[in-house]
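Following the hints, put chain V in place on chain Y, whose structure we already have.
Residue numbers (my numbering), protein chains in the order written: chain Y, 1 to 143; chain V, 1001 to 1285.
Simulated from the structure, these hints should not be mistaken for lab results.
Some hints here could point you the wrong way.
[Stated by the list, open to error] Calculated pairs, DSS-like style, for lysine-lysine (alpha carbon to alpha carbon, straight line, at most 30 Å):
| no. | chain 1 | residue 1 | chain 2 | residue 2 |
| --- | --- | --- | --- | --- |
| 1 | V | K1077 | V | K1044 |
| 2 | V | K1138 | Y | K132 |
| 3 | V | K1044 | Y | K66 |
Since this is a predicted model, take the numbers as computed values, not measurements.
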Amino acid sequence: MKVELITKVVCADMEEQLIKITDDVKEAVENSGVKDGVVFVISAHTTAGITMNEGLPCVEKDLIGKLDNMVPYDDVYAHNHFLPSYGATGGNSPGHIKSMLVGNHCVLPVKDGKLVVGHAQDIYFAEFDGIKNRKYYIEVMGE
Amino acid sequence: MIIDTHVHPALFADICKDKERLNRRCDEMGYHLMSPFPLEVLEKQNAFAGIDRMVLLPLDHSTRCKGEVMITNEEIKTLVDLKPDMLIGFASVDPYRKDALEVLDHAFSELGLRGLKLNPAKQRFYPDDRMMWPIYEKCLEYNRPVTFHAGLSWEPGTLCKYSHPLRFEEVALEFPELRMCLAHFAWPWVQEMAMLMIKYPNVYTDTAMMYMDSAELFMEKVFHQDMGQYWLDHNFQDQVMFGSNAPRFRPVRIKRGLDSLSMRDDTRRKLYGENAMRFLGMEGR
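So that you can see chain Y by itself, here it is in the shape it has in the complex:
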């Protein structure tokens, strides 16, 4: 079995943003040499996730908006206290909770050397604690 791991870097323009990475995953799959198998897309962070949904701006707006309603920025969070391990006060509890809700990865099939993805499906890096350089992994596994 062949296993190919690619690390990608992404940087949002806002604190919270759904960044479409479908084309990057397609390219990684096609360059991997794997003909039949699966691809995992995995976030390297605890305040950013990976999710899939329909790639329309209105859907993105609803997803971000509803997550904000569920996990408001100005709620009271136990994590908002001084953290000597960082030398800073925690302020990103909403990011931790939202990343848990969307999950840290997605999995898709690879067939004939190409990503198999539904016509409405897009893959997103879901930033909930920007703005900073972030990493995610694309791991292609198969024959």
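What follows is chain V alone, placed relative to chain Y:
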């Protein structure tokens, strides 16, 4: 114009190429589990937060660090040259250096740095010690302001007895023309800070406070409970500047805390930029 007057560029990637030096700097300054980032990311952060300019503060306490300067004046100059429209550089000097005045001459005249940052708690000096007088005179000679760390310092190896606001009053009295900022609102000595600002018009402060819950709750506590609701609008609107203390606190969050406070529109304009322009001697630029 929105100016963040209190930024420590310890993690700006262009001055973080030596990893061992970076580790020593982070140990000295108490920054952990945070990574260097390029100026392009900083530009994005500032664009999102609506911040136009940032004042970069170096740190020289080399007589306590075997001669090593943790963030040098030359490194500040390097950063300013990379983004001159965004970054404003201050100098630092360890007051115990024998060549302290020469360092300042070089920083102000050759490097073009716009002010001086001193940290009494870290550098272990009393601001009203007479040994400091020539340094203040040098700042006056070049018409450069001084930003002092004041109040609580969480950094390793600091003693807050050196940064109590009352230790600055004699400086304000003896050097009335010297523009001086006692940073961090001298927290927790907010009332003493207010007392100094009432007496001395060239004494400024900034909002770079170490909040313990959220920036919104902390600003409410300081500006509307520790001080009367209208003190800022009616007494100190010309003396308080926006500062974040990045990277310990994100500028966008400190600004959001200030945005949540009720205040007059003209007070807000002054807080976010106009007071800094006057403090920096950049009015009309």
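Hints, one by one, checked against the model:
no., hint, in the structure
1, K1077/V <-> K1044/V, "holds, 21 Å"
2, K1138/V <-> K132/Y, "violated, 39 Å"
3, K1044/V <-> K66/Y, "holds, 25 Å"
Hint violations for this structure: number 2 only, all remaining hints satisfied.
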